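Engineer: If you're matching them up, the sequences are chains A and B in order. Its first residue numbered 75, the first sequence is counted upward by one per residue in the numbering used here. Its first residue numbered 30, the second sequence is counted upward by one per residue in the numbering used here.
Warning: the hint list may mix true and false statements.
Straight-line C-alpha distance at most 20 Å; calculated EDC-like pairs for lysine to aspartate or glutamate [unchecked claim]:
| no. | chain 1 | residue 1 | chain 2 | residue 2 |
| --- | --- | --- | --- | --- |
| 1 | A | Lys190 | A | Glu282 |
| 2 | B | Lys119 | A | Glu229 |
| 3 | B | Lys119 | A | Glu282 |
| 4 | B | Lys206 | B | Asp292 |
| 5 | B | Lys256 | B | Glu241 |
| 6 | B | Lys256 | B | Asp292 |
Over 12 Å on every C-beta distance to chain A, these chain B residues come out as not near it, computed from the model [unchecked claim]:
| no. | residue |
| --- | --- |
| 7 | Val151 |
| 8 | Phe220 |
| 9 | Glu233 |
| 10 | Gly247 |
Hints listed in this document are in silico derivations from the structure and should not be mistaken for laboratory results. Computed from a prediction, not measured in an experiment: that's the story for all the values here. Heads up, the beta-carbon is just placed ideally off N, CA and C, and yes, glycines get one too.
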Amino acid sequence: MATITATEAGTAPPPVRRGRSKLRLRNTLIGWSFILPNFIGFGLLTLIPIIVLFYMSFTNWNVFGKADWVGLANFQRLIGDGSFRISVLNTLYYSALHIPLTILVSLGLALLLNNKLRGVAFFRTAAFFPYITSIVAIAVVWNLLFSPEYGPINEFLRFIGIQNPPGWLTSPEWAMPAVVIVGTWRDMGYYMILFLAGLQTVPRELHEAARVDGANVWQRFVNVTLPCLRPTMFFVTVMLTINSFKIFDLILVMTDGGPGQSTLVMSQFIYRKGFEESQFGYASAASVALFFMCILVTIVQFLWNKKRSS
Amino acid sequence: MAQQVEKDAADQLVSDFTPPTAAVRNLRKLSDPKPRRAADGDKITPGRRVGRIAMYVGLIIFAIALLAPFAWMVLSSFKSANEVFSVPVKWLPETWVWQNYVDIWTESNMLVWIRNTLFLAVVVTFLQVLTGSFAAYGFARMRFKGRDVLFLLYVGTIAVPWQSYMIPQFILLSNFKVSNTLWAIILLQAFGAFGVFLMKQFYETIPEELSEAARLDGLSEYAIWRKIMLPLSIPALASLTLLTFVNTWNDYLGPLIYLRNPDLWTIQLGLKSFVSNLFDTNYALLFAGLTISVIPIAIIFLLGQKYFVEGIATSGLKG
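Bound-form chain A, shown alone (with noise of 0.2 Å):
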């Protein structure tokens, strides 16, 4: 392969270029061998995957790996699918939850943590230690806490005043909050380092002149600090959206998609149509609407930030 590039590039040019086509020609190589050794595995383990599972999801592929042509009709199927439609109802509604509901938070604490407080120092970095925890650590521990009748959040909700406190994770209603909670509290620490980041971008002039026109901290935070901090914004949104759309080991390991089928999210019907019932064409079908949700929702959202920004 090398050498027939080489003789090409070496014979097509005029001779007067052919040292700078030379240089050029070994300047592709040595780039292309320092990208190789990690370009072979991402092009075997990414790249061919993706390319794959888009004529898997035209076939029947299933356990023994036969696969006949079926067209559309394993979207057809999937549009009658009553999982498949909860899955998707229930990956939105987590989103929909999820997203705003970490920004409010991470970016909270990000401002109270670019103050300076005693103690901040600390926080500052301990407050993702649960976004490196063992996800099975976190699910065990939370589940316990969830627990209806021994788990501590009730008894405290009780102490103050509350009768009838949710069941959590045994109940259809509030296992997806109870999940919203525990994945908010887990990304909340990673989300607050971008936070943080990106105040530190805000230039300290422009709240000093904003204080003197008499700018009161909710104005300056409106009209100061959002308006610097969109860049940052932009880049956590688009991660969350994504992030939402593909949660999975949390539900597994909190709910398994359950009570019924009240926390079966996109991702898990995936995971079950694939490896529990080995139906790859089927499953692989699910994953290509899964990977045009998030491919299509990050281009809407790369299009309104560059409408926004000119």
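For this one, chain A is given, so just place chain B on it according to the hints.
Structural biologist: Chain B alone, transformed into the frame defined by chain A:
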């Protein structure tokens, strides 16, 4: 011309997807352990005092929400089996049952799980740091045809969740006969785009003149990477090492899909099976196991907290 437009679009996309450089440069302040004293000019008015008190109240609530679940886990690991569910809830164990920490080793395969997890975490981290920093040099310092398109491919996969291509990936690896071996997890985790981003981001803050001077001295690009860039990027390498290690240690989904054989289980899989296999799960024992699984991460985190913060804020990506 068209190529130029394409390249600009690519640059725009890349810069949109990465936090502002100024933020990255200011990051070191974040991990500054010494709180700066208030400026002398600040007068303490009653309004300000109320504001400060409100902030401390916020900080305390936050501290409780943050730490209570961990405290609950550690304290429960010292309780007796029945005491975990006592009503009303008691936070402190009545008698401290240290025996839980002895029993968990004999009643579970803890040693095997830890050995597997440690092996995976070390190998994955080594490969990720090596190939990631190597590729990042190519992206940050070499100019060649196809580079920007290639990087765009890397960036584009941010928007593609792993969950959407885990099935074809599984079939691919099964065909290679590596599923149900530790190699599957190594392949899965070691070549992520994450390391490339983080290192590229850092390399671009190193002045170009340094490598230019080295080039004039006759150093090859490989030598520049090894002798100049690697030593200068030790903070970023530390961030990447710690984040990758912790990520692999905690990974649950990858092992769940690929490791069927109990002898290959990681600590996460093992502890999860411990929860679901026994009907009368001894939760105190389980909590001891969970505490053991979290302790290495806590120690690594305490030692390298600065690198975690910088790493996360630099790349803004994980998982």
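Engineer: Is the Cα-Cα distance between B/Lys119 and A/Glu229 20 Å or less?
Structural biologist: Given pair B/Lys119, A/Glu229 holds - Cα atoms ~11 Å apart, limit 20 Å.
Engineer: Verify this label for me: B/Val151 is non-interface relative to chain A, using a Cβ-Cβ cutoff of 12 Å.
Structural biologist: Nearest chain A Cβ is 17 Å from B/Val151, so the label holds.
Engineer: Given the hint that B/Lys119 pairs with A/Glu282, test it: the Cα-Cα distance must not exceed 20 Å.
Structural biologist: Violated - the C-alpha atoms of A/Glu282 and B/Lys119 are around 50 Å apart, more than 20 Å.
Engineer: Please work out if B/Lys256 and B/Glu241 have their alpha carbons no farther apart than 20 Å.
Structural biologist: holds, 13 Å
Engineer: Is the hinted pair B/Lys256 and B/Asp292 satisfied, with a Cα-Cα distance of at most 20 Å?
Structural biologist: violated, 41 Å
Engineer: Keeping to a limit of 20 Å between CA atoms, is the pair of B/Lys206 and B/Asp292 held or broken?
Structural biologist: Given pair B/Lys206, B/Asp292 holds - Cα atoms ~17 Å apart, limit 20 Å.
Engineer: Are all beta-carbon distances from B/Glu233 to chain A longer than 12 Å?
Structural biologist: Label holds. Min Cβ-Cβ 15 Å, cutoff 12 Å.
Engineer: Non-interface claim for B/Phe220: all C-beta distances to chain A beyond 12 Å?
Structural biologist: violated, 3 Å
Engineer: Once the closest CB in chain A is found, is it more than 12 Å from B/Gly247?
Structural biologist: Given that every Cβ of chain A is farther than 12 Å from that of B/Gly247, nearest at about 15 Å, it holds.
Engineer: For the pair we were handed, A/Lys190 and A/Glu282, check the Cα-Cα distance against 20 Å.
Structural biologist: Holds: A/Lys190 and A/Glu282 sit about 17 Å apart, inside 20 Å.
Of the numbered hints listed earlier, those contradicted by the structure are 3, 6 and 8.
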